[in-house]
Amino acid sequence: MSEQAAIQQILNGNSGAFRQIVEAYSDKLFTFIGRIVKQPMDAEEIAEDVLVKAYQHLAEFNAGKATLWTWLCSIAYNESLNHLRKTRPTLLYLDDDTNTTALHEADIAKAEPDTDERIDDLNQAIAKLSADDRTLIELYYYDDKPISDIAYITGQTENNISTRLFRIRKRLHKDINKSLTNENSR
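Note that the sequence shown covers residues 0 to 185 in numbering that gives the first Met the number 0.
Quick caveat, the hints were computed from the structure, so don't treat them as lab data.
Just so it is clear, CB atoms sit at the ideal spot from N, CA and C, and this is done for glycine as well.
Just to be clear, a hint being listed does not mean it is correct.
Label pairs and their computed distance ranges (CB to CB) [as the list claims (entries may be wrong)]: (1) Q7 with S161: 34 to 40 Å; (2) A58 with K127: 37 to 43 Å; (3) Q3 with D119: 41 to 47 Å; (4) K127 with N61: 32 to 38 Å; (5) L10 with I118: 41 to 47 Å; (6) Q3 with V51: 17 to 23 Å.
List time: in silico EDC-like cross-link candidates among lysine to aspartate or glutamate, alpha-carbon distance up to 16 Å [stated by the list, open to error]: (7) K27 with E44; (8) K27 with E47; (9) K27 with D143; (10) K37 with E116; (11) K127 with D174; (12) K27 with D48; (13) K37 with E78; (14) K85 with E44; (15) K177 with E116; (16) K85 with D131; (17) K173 with D120; (18) K27 with E43; (19) K52 with E78; (20) K169 with D132; (21) K127 with D143; (22) K27 with E116; (23) K144 with D132; (24) K37 with D143; (25) K169 with D120; (26) K37 with D132; (27) K177 with D120; (28) K64 with E157; (29) K64 with D41; (30) K27 with D120; (31) K177 with D119; (32) K85 with E157; (33) K173 with E157.
Work out the full structure: start from the sequences and follow the hints.
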């Protein structure tokens, strides 16, 4: 059964047809949400909430504006950010001198960064971004989403998304160069 046929059956009262949508998208939703919230248990719970909301609001889905996957991503994006706003990160403090010494010796031993180290630096810089900025980078570069889909998912204009991506790239470039400068000065 096609996606549109399943949607029509659901809207006509056949709730069992929603199973097709769940089976098609639950794993992708979990992965998408997991990139934002980082905790698998939270991602699983949010994915379930997204599917429930999608079911409840399926009549609002407009295939002319976005694909079903993009619409689900929009719901998942908002639910994930709401979750992050509700939870505060836990800070850990390490006062173990042996760990500090080991890290310092490893830093001293570093030579000119190779490609793998540069990729690690980029991944670390991306990880330090806010969940919102990190999601934009992941949607655009990792998921190959067009700016129009990202705008729909986030509820922002295409111009705003383009500008934000430009600024995020600029910030990442600055952070990576700063990291390289610090590594080379050691």
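Exercise for the section: With a cut-off of 16 Å on the C-alpha distance, tell me whether K64 and E157 pass. Expected result: holds (14 Å)
Exercise for the section: Quickly compare the C-alpha distance for K127 and D174 to 16 Å and report which way the hint goes. Expected result: At roughly 10 Å apart (the allowed maximum being 16 Å), D174 and K127 satisfy the hint.
Exercise for the section: Decide if the proposed pair is consistent with the structure: K85 and E44, CA atoms, cutoff 16 Å inclusive. Expected result: holds (14 Å)
Practice task
Verify the proposed pairing of K173 with D120, using a straight-line Cα cut of 16 Å.
Solution key: At roughly 12 Å apart (the allowed maximum being 16 Å), D120 and K173 satisfy the hint.
Practice task
Take a quick look at whether K127 and D143 sit within 16 Å of each other, Cα to Cα.
Solution key: Violated, because 21 Å separates the two Cα atoms, which is more than 16 Å.
Exercise for the section: Could you grab the alpha-carbon distance between K64 and D41 and see if it respects the 16 Å cut-off? Expected result: violated (29 Å)
Exercise for the section: For the range 41 to 47 Å, tell me whether the beta carbons of L10 and I118 fit it or not. Expected result: Between L10 and I118, where Cβ atoms are some 46 Å apart, the hint holds.
Problem - Whether the CB-CB distance between Q3 and V51 falls inside 17 to 23 Å - result: Hint holds: Cβ distance 21 Å, inside 17 to 23 Å.
Practice task
Take the C-alpha atoms of K37 and D132, compute the straight-line distance between them, and say whether it is at most 16 Å.
Solution key: holds (14 Å)
Practice task
Take a quick look at whether K27 and E116 sit within 16 Å of each other, Cα to Cα.
Solution key: Violated: K27 and E116 sit about 29 Å apart, past 16 Å.
Handout entry: Pair hint outcome, K27 versus E44 [Cα-Cα no greater than 16 Å]
Key = holds (14 Å)
Problem - Pair hint outcome, K173 versus E157 [Cα-Cα no greater than 16 Å] - result: violated (24 Å)
Comparing the model with each earlier hint shows violations of hints 10, 21, 22, 24, 29, 30, 32 and 33; every other hint is respected.
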